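Peer 1: From just these sequences and the hints, can you work out the full model?
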Amino acid sequence: MYKTMVLELLKASAMYEALQSQRKLLEALDRYSALLKDSHESWTQQLSRQRPGSDKAQVESEAMELALREIQELMASSLPASPSSDDSLPSETASPPA
1 MYKTMVLELL KASAMYEALQ SQRKLLEALD RYSALLKDSH ESWTQQLSRQ RPGSDKAQVE
61 SEAMELALRE IQELMASSLP ASPSSDDSLP SETASPPA
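Every letter in the sequence shown is one number past the one before it in this note's numbering, and letter 70, counting from 1, is 70.
I should point out that these hints are in silico values taken from the structure, not numbers from a laboratory. A quick note: this is a predicted structure, and the numbers were derived from the prediction, not measured. Each residue gets a CB set at the ideal place from its N, CA and C atoms; glycine is no exception. Certain hints may be false.
[As the list claims (entries may be wrong)] Here are the simulated EDC-like pairs of lysine to aspartate or glutamate, each with C-alpha atoms no more than 20 angstroms apart in a straight line:
| no. | residue 1 | residue 2 |
| --- | --- | --- |
| 1 | K24 | E8 |
| 2 | K56 | E41 |
| 3 | K3 | D30 |
| 4 | K24 | E62 |
| 5 | K37 | E62 |
| 6 | K56 | E17 |
| 7 | K11 | E65 |
| 8 | K11 | E41 |
| 9 | K11 | E27 |
| 10 | K37 | E8 |
| 11 | K56 | D38 |
| 12 | K37 | E73 |
| 13 | K37 | E27 |
| 14 | K3 | D55 |
| 15 | K11 | E60 |
| 16 | K11 | E62 |
| 17 | K11 | D55 |
| 18 | K37 | E17 |
| 19 | K37 | E70 |
| 20 | K3 | E62 |
[What the hints assert, rightly or not] Quick list of the computed label-pair ranges, beta carbon to beta carbon:
| no. | residue 1 | residue 2 | range |
| --- | --- | --- | --- |
| 21 | A34 | S61 | 31 to 41 angstroms |
| 22 | Q20 | G53 | 37 to 47 angstroms |
| 23 | Q46 | M1 | 18 to 28 angstroms |
| 24 | K11 | A34 | 25 to 35 angstroms |
| 25 | P52 | E17 | 40 to 50 angstroms |
| 26 | Q45 | M1 | 13 to 23 angstroms |
| 27 | Q72 | R23 | 17 to 27 angstroms |
| 28 | D30 | S61 | 46 to 56 angstroms |
| 29 | R23 | K56 | 32 to 42 angstroms |
| 30 | Q72 | Q46 | 10 to 20 angstroms |
Peer 2: Spelled out as structure tokens, the structure:
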């Protein structure tokens with residue numbers, strides 16, 4: 001599920017072709033999907049604590065929206081200055097709010 005969402009985001013971004021031509025698409029897909037999963041889980045926990053009586057499906061849906069927004073912002077900030085730059089992938093230390 002996370003990889004599919006990230007792949008669609010990458011396809012819609014300016015990064016897709018550059019990552020594909022540099023043979024880094026799979027690496028980026030793996031990194032961004034792991035970050036999306038971690039962010040989604042973090043937001044789910046945070047929202048569940050803030051609204052203990054809320055419907056679980058509603059909390060998870062809202063958490064996904066927030067996590068997707070974070071990943072989109074990360075992708076936008078990760079756009080390389082030049083196509084040959086290796087800075088186009090997020091670092092392993094990037095993490096969602098606790």
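Peer 1: Check the following: the C-beta atoms of Q45 and M1 are separated by a distance inside 13 to 23 angstroms.
Peer 2: holds (18 angstroms)
Peer 1: Would the hint linking K11 and E62 be met if the CA-CA limit is 20 angstroms?
Peer 2: Cα-Cα ~23 angstroms, so violated.
Peer 1: Would you say the C-beta atoms of Q72 and R23 sit inside 17 to 27 angstroms of each other?
Peer 2: holds (24 angstroms)
Peer 1: Assess, step by step, whether the Cα of K3 is no farther than 20 angstroms from the Cα of D30, and give holds or violated.
Peer 2: Holds: K3 and D30 sit about 7 angstroms apart, inside 20 angstroms.
Peer 1: Between D30 and S61, does the beta-carbon spacing fit 46 to 56 angstroms?
Peer 2: With Cβ atoms ~24 angstroms apart, the hint is violated.
Peer 1: Under the criterion that the straight-line Cα-Cα distance not exceed 20 angstroms, is the pair K24, E8 satisfied?
Peer 2: Roughly 16 angstroms between the alpha carbons, so the hint for K24 and E8 holds.
Peer 1: Kindly confirm whether 25 to 35 angstroms is satisfied by the beta carbon distance between K11 and A34.
Peer 2: violated (18 angstroms)
Peer 1: Indicate whether the distance between the beta carbons of Q20 and G53 respects the range 37 to 47 angstroms.
Peer 2: holds (46 angstroms)
Peer 1: Is the hinted pair K37 and E17 satisfied, with a Cα-Cα distance of at most 20 angstroms?
Peer 2: violated (24 angstroms)
Peer 1: Given the hint that K37 pairs with E62, does the C-alpha gap stay at or below 20 angstroms?
Peer 2: Holds, at about 14 angstroms.
Peer 1: Mind checking the hinted window 32 to 42 angstroms against the Cβ distance between R23 and K56?
Peer 2: At roughly 40 angstroms between Cβ atoms, K56 and R23 fall inside 32 to 42 angstroms, so the hint holds.
Peer 1: Mind checking the alpha carbons of K11 and E65 for me, to see if they're no more than 20 angstroms apart?
Peer 2: holds (18 angstroms)
Figure legend: structure checked against the earlier numbered hints; hints not met, in rising order: 4, 6, 8, 14, 15, 16, 17, 18, 21, 24, 28.
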